[in-house]
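Asks: Sequences listed follow chains U and H, in order.
In terms of the working numbering, the first sequence opens at residue 1 and continues consecutively.
In terms of the working numbering, the second sequence opens at residue 1001 and continues consecutively.
Derived from the structure by calculation, the hints contain no laboratory data.
One or more hints might be untrue.
[To be verified] Simulated coverage check for chain H against chain U, where a stretch passes if three residues somewhere in it have a Cβ under 8 Å from a Cβ of chain U:
1. 1037-1048
2. 1096-1109
[Stated by the list, open to error] Quick list of simulated restraints, FRET-style, between CB atoms:
3. H:S1096 with U:R73: 18 to 24 Å
4. U:M54 with H:M1010: 36 to 42 Å
5. U:E79 with H:K1003: 26 to 32 Å
6. H:G1029 with U:E17: 44 to 50 Å
7. U:V12 with H:K1069: 41 to 47 Å
8. U:E72 with H:L1112: 40 to 46 Å
9. H:S1025 with U:M54: 32 to 38 Å
[Said to hold, decoys possible] Over 12 Å on every C-beta distance to chain H, these chain U residues come out as not near it, computed from the model:
10. V19
11. E72
12. S80
13. Q85
These numbers were taken from a predicted model, which means no experiment stands behind them.
All C-beta atoms, glycine included, are put in the ideal place defined by N, C-alpha and C.
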Amino acid sequence: DVKVTQSSRYLVKRTGEKVFLECVQDMDHENMFWYRQDPGLGLRLIYFSYDVKMKEKGDIPEGYSVSREKKERFSLILESASTNQTSMYLCASSSGQRGNQPQHFGDGTRLSIL
Amino acid sequence: DAKTTQPPSMDCAEGRAANLPCNHSTISGNEYVYWYRQIHSQGPQYIIHGLKNNETNEMASLIITEDRKSSTLILPHATLRDTAVYYCIVRSVTTSGTYKYIFGTGTRLKVLA
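Input sequences plus hints: build the corresponding full structure.
Replies: Encoded structure:
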């Protein structure tokens, strides 16, 4: 089975801090994704990557950046955390050309910015 | 990007079929429909997907109308463990040629004993 592991289930940080959310997948997938999930808004795509060192903006990239130095690891970075970035963050991965296979999700990181 | 509309909640009796509708009237010809579900405190789990033909796997069946403007996910014999939020998703293509999901807000299905 595909395993997508997010480094923390719960995280509390302060406004202005630089925050790193880590995601690792063990199935050699080419494509990796970061979403945030908020009540009433569903899941929204922040950034994705279809190859090492490649990245592409999703629908809500403002305030975030990403890093993919190795195929199995995709990091989401909040450069200067703000309270409106309090949310559930979900990482996903998929195989196939540019993401044409089903995505597999981790269990999420619930991030609170105080 | 094509969007999806789902009823916010539904109930279903245990052992009966659960039929979850989804409207995607602006879907274009090469966009797939995917279904996922999310059980509380877990990440979304893939169920099934299709383009225009009906599909069936060990978890569910997917019925897509001929005009592709709507679809129905069928769980043939719902159990209490099927209680979850079900998302109908359109997979669209970005300007760079990669694929991305457009999530709706989902249907909260409660299976009743």
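Asks: Quick check: does the Cβ-Cβ distance between E79 (chain U) and K1003 (chain H) fall within 26 to 32 Å?
Replies: Given about 30 Å between the Cβ atoms, the range holds.
Asks: Would the non-interface assignment of E72 (chain U) survive a Cβ cutoff of 12 Å against chain H?
Replies: Non-interface label stands for E72 (chain U): nearest chain H Cβ at 17 Å, farther than 12 Å.
Asks: Over 12 Å to the closest beta carbon of chain H is the bar; see if Q85 (chain U) clears it.
Replies: 19 Å, holds
Asks: Given a hinted range of 18 to 24 Å, is it respected by the beta-carbon distance of S1096 (chain H) and R73 (chain U)?
Replies: 22 Å, holds
Asks: Taking the beta carbons of G1029 (chain H) and E17 (chain U), is their distance inside 44 to 50 Å?
Replies: 46 Å, holds
Asks: Are there at least three residues in the segment 1037-1048 of chain H whose beta carbon sits under 8 Å from a beta carbon of chain U?
Replies: That given contact holds, which follows from 6 residues of the segment 1037-1048 of chain H lying within Cβ reach (below 8 Å) of chain U.
Asks: With 40 to 46 Å as the target window, see if E72 (chain U) and L1112 (chain H) comply at their CB atoms.
Replies: Since the Cβ atoms of E72 (chain U) and L1112 (chain H) sit about 42 Å apart, the hinted range of 40 to 46 Å holds.
Asks: Over 12 Å from every CB of chain H: does S80 (chain U) meet that, or does the non-interface label fail?
Replies: The claim stands: S80 (chain U) keeps its Cβ more than 12 Å from every Cβ of chain H (closest is about 26 Å).
Asks: Go check the segment 1096-1109 of chain H versus chain U for me, would you? Three or more residues, Cβ under 8 Å, otherwise it fails.
Replies: holds (count 10)
Asks: Is the hinted range of 36 to 42 Å satisfied by the C-beta distance from M54 (chain U) to M1010 (chain H)?
Replies: Distance hint for M54 (chain U), M1010 (chain H) holds at roughly 40 Å.
Asks: If I claimed the Cβ atoms of S1025 (chain H) and M54 (chain U) lie 32 to 38 Å apart, would that claim hold in this structure?
Replies: 34 Å, holds
Asks: Is V19 (chain U) truly not at the interface, in the sense that its beta carbon sits beyond 12 Å from all beta carbons of chain H?
Replies: Nearest chain H Cβ is 20 Å from V19 (chain U), so the label holds.
The earlier numbered hints are all upheld by this structure, with none contradicted.
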